[in-house]
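Number of protein chains: 2
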Amino acid sequence: MNGSHSSRKKPRKKIVGALLFPDFELLDIFGPLEMFGMLSDHFEIVMLAESAAPVASAQGPRSVVDRTFTDGTDIDILLLPGGQGTRREAGNPVMLQYLRDCYPQLAYLASICTGSGVLAAAGLLDGRRATSNQQSFAWASSCSSAVTWVARARWVTDGNIYTAGGVAAGIDMSLALIARILSEEVAVEVARYAEYDWHRDADWDPFAEQAGLL
Amino acid sequence: MNGSHSSRKKPRKKIVGALLFPDFELLDIFGPLEMFGMLSDHFEIVMLAESAAPVASAQGPRSVVDRTFTDGTDIDILLLPGGQGTRREAGNPVMLQYLRDCYPQLAYLASICTGSGVLAAAGLLDGRRATSNQQSFAWASSCSSAVTWVARARWVTDGNIYTAGGVAAGIDMSLALIARILSEEVAVEVARYAEYDWHRDADWDPFAEQAGLL
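Residue numbers (numbering that gives the first Met the number 0), protein chains in the order written: chain X, 0 to 213; chain H, 0 to 213.
Just so you know, not all the hints are guaranteed correct.
As the list claims (entries may be wrong) - Restraint-style ranges between C-beta atoms, simulated for each label pair:
hint : chain 1 : residue 1 : chain 2 : residue 2 : range
1    : H       : Asp-200   : X       : Arg-86    : 21 to 27 Å
2    : H       : Trp-203   : X       : Asp-202   : 19 to 25 Å
3    : X       : Arg-199   : H       : Pro-103   : 43 to 49 Å
4    : X       : Asp-202   : H       : Glu-184   : 38 to 44 Å
5    : X       : Pro-92    : H       : Asp-200   : 44 to 50 Å
6    : H       : Asp-73    : X       : Trp-138   : 34 to 40 Å
7    : X       : Asp-100   : H       : Pro-103   : 51 to 57 Å
8    : X       : Arg-86    : H       : Gly-211   : 45 to 51 Å
If you are wondering where the hints come from, they were derived from the structure by calculation, not from laboratory data. In this text the structure is predicted, and so the values were computed from the model without any measurement. The beta-carbon is built from N, C-alpha and C at its ideal position, and this holds for glycine as well.
Taking the hints into account, I'd like the entire structure generated from these sequences.
What follows is the structure in C-alpha cells.
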C-alpha cells in the first residue's frame, strides 16, 4: 500500500497516537491501527500511555508503550479506545488533563466505543454531537449532559472530532477519516486490502435497535 | 459476556494461543482475540513467540510475549496470523517444528491471511483444503502443492484446521469456531456485542474476484 519511490520531497508523516489505559478494548484500537498502519507512507503509529509500563487490555494481551504523557505532544491524530477501563479513566484527572492539553494541537481527535465517555468527562464534547457503544450508552451519556448524544449512528463527525459506536465501528470510522485526510479511493483500497466490508454510511446502525435504544 | 456466578464446578478454560512473529499483521490476530477474549469464562489468551522479547507488528505496535516455544504446549486453540513476516517464518525451521510438535495436542488450529502459507510450509495442510489472503494467494499456494487451495472462500474448514482469507476474514472465521465450540447463539451474541456485522457464510468472498483470482 505504499507508493513508488520518488525524488520529490515528501510531506512529514502524520503521527497517529493510540492512547492506551488499563483494560482498553483490543479491537477498538487495533482495528483502526490496521487501517492507518497500512498506509505507512502517510502515517506513523505511536502507542501512548500515562506510564511507560506495558498496558494490559481488557482481554489480557499487553501492549508496549512508545511514549508517555510527558514526552511532548506532536500527535496529529489521537485515537482513544473504549473498554472497561474507561469507567476509571473518566475519573482520572491526569488522563482528562492530557486530553485537554493535547486537543488544541491535534488535526483530528477520534474515540471508539466508550472512549467518548472519557472525552465527554474531559469536557471536549460539550456543545457537540457524539455517539458511543450502543450497549453502554447510558454510561457514556452520563459523562456529560452538555453533549448531543446520538443513539443511532455507526459514527458521528462534529468538526474535527469523530466518535464511533461500539468496537468494530471504529474500523468504519477510521476509513471515513482516511477518506477525509487522503481520499475516498485510498480508503476503499485500504478496506479491500484488509478484506473488510466497509460500512460507508455513518447512519448504518442495526445495533442501536438491538440494544433497545430506539 | 460472562455468565452468572455458580457453585457448580466449571470446566477448565480453553487456552487460546496467539502465535506472534516479527511483522505479524495487527488485525489478523487482534480481531480474533477480541472475539475469544469477550468470553473470558471460557477462554484464556496466551501470547506466544519464539523469543521472550516484545514482538513488533508489521504496522509498528509491539506486543508483550507471555510464553515462548520452550514453555510447554497446553494450548487448546492455536491462532497463526499473517503479515509480511510469514515470508520469513515459512523458512524458519524453529517455527515449522514448533507447529508440527504443537498440532497433535491441539483441539483446533487456525490461521488468518498468509498464516496458511506457514502452515503449508510445515506440511500441516498436506491433503487438506485451505485458503489464504486473496491478494497474496500466489505466495501462499506456492508453499505446498499438496494442498487443495480454495481461492474463493471467507474461510475454509477441514477437520480441526481452519484457514481464513485476508485480515478481517479472521473475525468471521473466529465466530464460526466459537459457534462450533460453544454455540451459534453465543457467537451471534459476541458479534452483536462487538457491533460486528458477521459474515456467517464461509463462501462469501467478493475479494477473490477483486483480486483477479476467478
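Quick rundown of the hints versus the structure:
no.: 1; hint: H:Asp-200 to X:Arg-86: 21 to 27 Å; result: violated, 37 Å
no.: 2; hint: H:Trp-203 to X:Asp-202: 19 to 25 Å; result: holds, 24 Å
no.: 3; hint: X:Arg-199 to H:Pro-103: 43 to 49 Å; result: holds, 45 Å
no.: 4; hint: X:Asp-202 to H:Glu-184: 38 to 44 Å; result: violated, 28 Å
no.: 5; hint: X:Pro-92 to H:Asp-200: 44 to 50 Å; result: holds, 49 Å
no.: 6; hint: H:Asp-73 to X:Trp-138: 34 to 40 Å; result: holds, 37 Å
no.: 7; hint: X:Asp-100 to H:Pro-103: 51 to 57 Å; result: holds, 55 Å
no.: 8; hint: X:Arg-86 to H:Gly-211: 45 to 51 Å; result: holds, 48 Å
In terms of the numbered hints stated before, the structure departs from hints 1 and 4, listed from lowest to highest.
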